[in-house]
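Visitor: Sequence:
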Amino acid sequence: MSPISDTLVTAFESYQTGDFHRSELLCRQILSQQPDSTEALHILGTIAHQLGRLDEAIACYRRLITLIPDYAEIYYSLAAALHASGELTQAIPYYQRAIALKPNHSSTHYDLGNAFKEHGNLSAAIEQYKKALKLNPSDPDVHCNLANALLEQGQSEPAIAHYQQSLTLSPNNPGVYYNLGNALIQHQQLNSAIQSFRWAVSLAPNYGDAYLKLAESLHLLGQLKEAIFYYQQAIFFQINTPEAHCNLGNAFLEQAQFQDALSHYQKSLTLDPKFFKAYVGIGCTLLPQNQFEKATNYLQQALRLNATHPEANHNLGLALANQNQVNEAIPYFQKAFQFKPDLIEAQWQSQLVLPILYENQRQISIWRQHFCQGLNYLQQQIASYTAVQRKQAVKALAKHAFSFYLGYQGLNDRGVQRKYGTLVHQMMATHYPQWATPLSLPPLSLTDKIRVGYVSAYFRGHTVGKLTLGWIKNSDKQSFEIYTYHIGHKTDFITQEFKKYSDKFYHIYGNLDTVCQQILADQLHILVFTDISMDGLTSLIAGLRLAPVQCVTWGHPVTSGLPTIDYFLSSELMEPDNAKYHYSEQLIPLPNIGICYEKPSIQNPTKTRSDFQLREDAVIYLSCQSLFKYLPQFDFIFAQIAQRVPHAQFVFIASPSSRITAQFKARLQRVFTQMGLNHQDYCIILPKQDWVSYINLNLVSHIFLDTLSWSGGNTTLEAIACGLPVVTCPGEFMRGRHASGILKMMGITETIANDEAEYIEISVGLGLDSDWRQNMVKKIYQNHHRLYDDRTGLRSLESFYKKVISTRLGRV
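In the numbering used here, the protein residues as written are 4 to 815.
Honestly, the hints are just simulated from the structure, not real lab data.
Predicted model only: the values in this text are computed from it and were never measured.
One should not assume that every hint holds.
The list that follows gives simulated cross-link-like pairs (lysine-lysine, BS3-like), each with its CA atoms no further than 27 Å apart [stated by the list, open to error]: (1) Lys-398 - Lys-297; (2) Lys-691 - Lys-610; (3) Lys-747 - Lys-781; (4) Lys-422 - Lys-480; (5) Lys-343 - Lys-297; (6) Lys-502 - Lys-402.
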């Protein structure tokens, strides 16, 4: 053997044992003596390739090709080195030459497929992967990369098959489970995708991307608590991106965990101050907290970054509408729908949005016409909705009670509400046909209890909860089984009272399907909605037929207009003579005020007038309704009272929107100025009060001024519990007659006026004549027993329940 041959053997052995340095020295020694030694060049090129010295490896391979032009392995090695250095256009022909010389080498086909894929030629890549698999069908990597290429082409079904084959061959690869999950999402198999992502994180507990995809998938299914956990895991494992924090913020927002949502939106902006989705998220988080001005600022910032973002436009419209800037809001709703035609909520808002406060009576007519025209337009549009748009319309109706502000215009709403109710029912019947047909009465023996369900989003310390609790608490447990469905997010001690006195109590928030399924499973005989039109989800449920007999009470005292509601449960003392013409339902006027209202526990005052910025010498008129109850045509009443009671001071409660409060203040200023008075000398608008402060405010006041057109119900009952004389003027409709009914039940009619002029006279008389006022206070306390804890209406209600069921069963 020649010395060079001996050296070559030693160089090869050194290479094989990993002593690259010695092998390289020996090869260079050989080449110095024999420049065309293909063996030495091959070893040297391979070492340079493995050590990442790609330029040197490429030079060696090119030299080898000139020496042995038909050696497939060298073409493959040169192609691989060029591939590794990013020279794809040069690498591909050398892969192809290697295949031409050796067509049955699966690895070459596989690597050529990878090069084509990286070069963007997916079809060519797929062809090479398939050839590689034909030669070596048990290679899990080839199956995986073929699946990746197929998925990029949108061929999710074959991609899934190859991912699954890859996992059959190599079952512990978390990356393949991750890719399979993405393919399953594309193939709309979300539950299977979730299982795949779960496998990925079980095999690789620090796999941040898999945690993120798992969280996003759970989020899409509405499994928010688990989604939040996995978002947090993803961020912990280094997926600390603006998108991840923003998605986590979205999940917290949907859970109404507003502070947590804001925290992650802010983190998103810390990472990227121009991440517009975070500005949208903050705006959407501030809206339900009634921080409308701040929400407006953030949403405007979002639109400065992305003017065509549909959700930003839509939510800015909502923020403006909640500040009574309705004309400004509508163009944003229209743009949102233009940019995203499936955003049906924006279309409905643009057609049905109403002001919260009016400047004058003419505005009422204009906006009422706008609402009616919008109803007609939507009635025509829904016939052409796609399935996606119908689903979005239902979501829009679940989020917004579009007709809520209609009742505060002071007009007969039966016709408009019937049209709106028909539209709601039509949407629900199309979306849930299985829940829209009449139901037969469940079996009921003479000894069985009648199952009655009550539904509301307000079974808490809210007007509706307070007005309804007595029915649940004092129901005849021998004859009735009470089911209560609380579908609002908030709970408190009153919620616990509903739970305590119900046979079955459910708290199901934000899920229409779950609520409906539970109601149907309970096989109720009668379903009662304590309020309709205040909460969007309640209105949708009421638009279905979930019990044979369905009723609504006066928690929101306007007809529902829904063809699925059979009876309106009202109060004899509150209804006018022609009341039946105001309802689409059959009217059931219960004796007295109909409800069983427990007398509030009133403690001795702990605050003084000074705590409320009230003058010690003033005659305090408390008028504490939501500002949207005040119609502009009645503003003059306050100024005329002030003109005759110089020491009068009127107390109002501010709106959540400072802009609306300012608009109401401007209205007062106008009428007081017309009387030559300064409204600031007479009017004070306090922020919303907590319960203790609110009761103290009643206790330091002298007279309670009821609102005309929409009377105070719960507020009147609380004012009377504090001994306040109530001045009221019954309106045309039941919603304007609560206080008069309450006073009639007590036998106190002296402060019930026949018109605005008499209302002013009574108010002035009570303000100037302290003896009369004190006599009225004394009479109120003496007659409390007539008003509170009265069960006459409840017993009559239960008699009605029994009668309607007996009639349906043919027992009467």
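Visitor: None of the hints should be skipped; say for each whether it holds.
Guide: How the hints compare with the structure:
no.: 1; hint: Lys-398 - Lys-297; in the structure: holds (26 Å)
no.: 2; hint: Lys-691 - Lys-610; in the structure: holds (16 Å)
no.: 3; hint: Lys-747 - Lys-781; in the structure: holds (16 Å)
no.: 4; hint: Lys-422 - Lys-480; in the structure: violated (39 Å)
no.: 5; hint: Lys-343 - Lys-297; in the structure: holds (25 Å)
no.: 6; hint: Lys-502 - Lys-402; in the structure: holds (25 Å)
Against the hints set out earlier in the document, a violation occurs for number 4 only.
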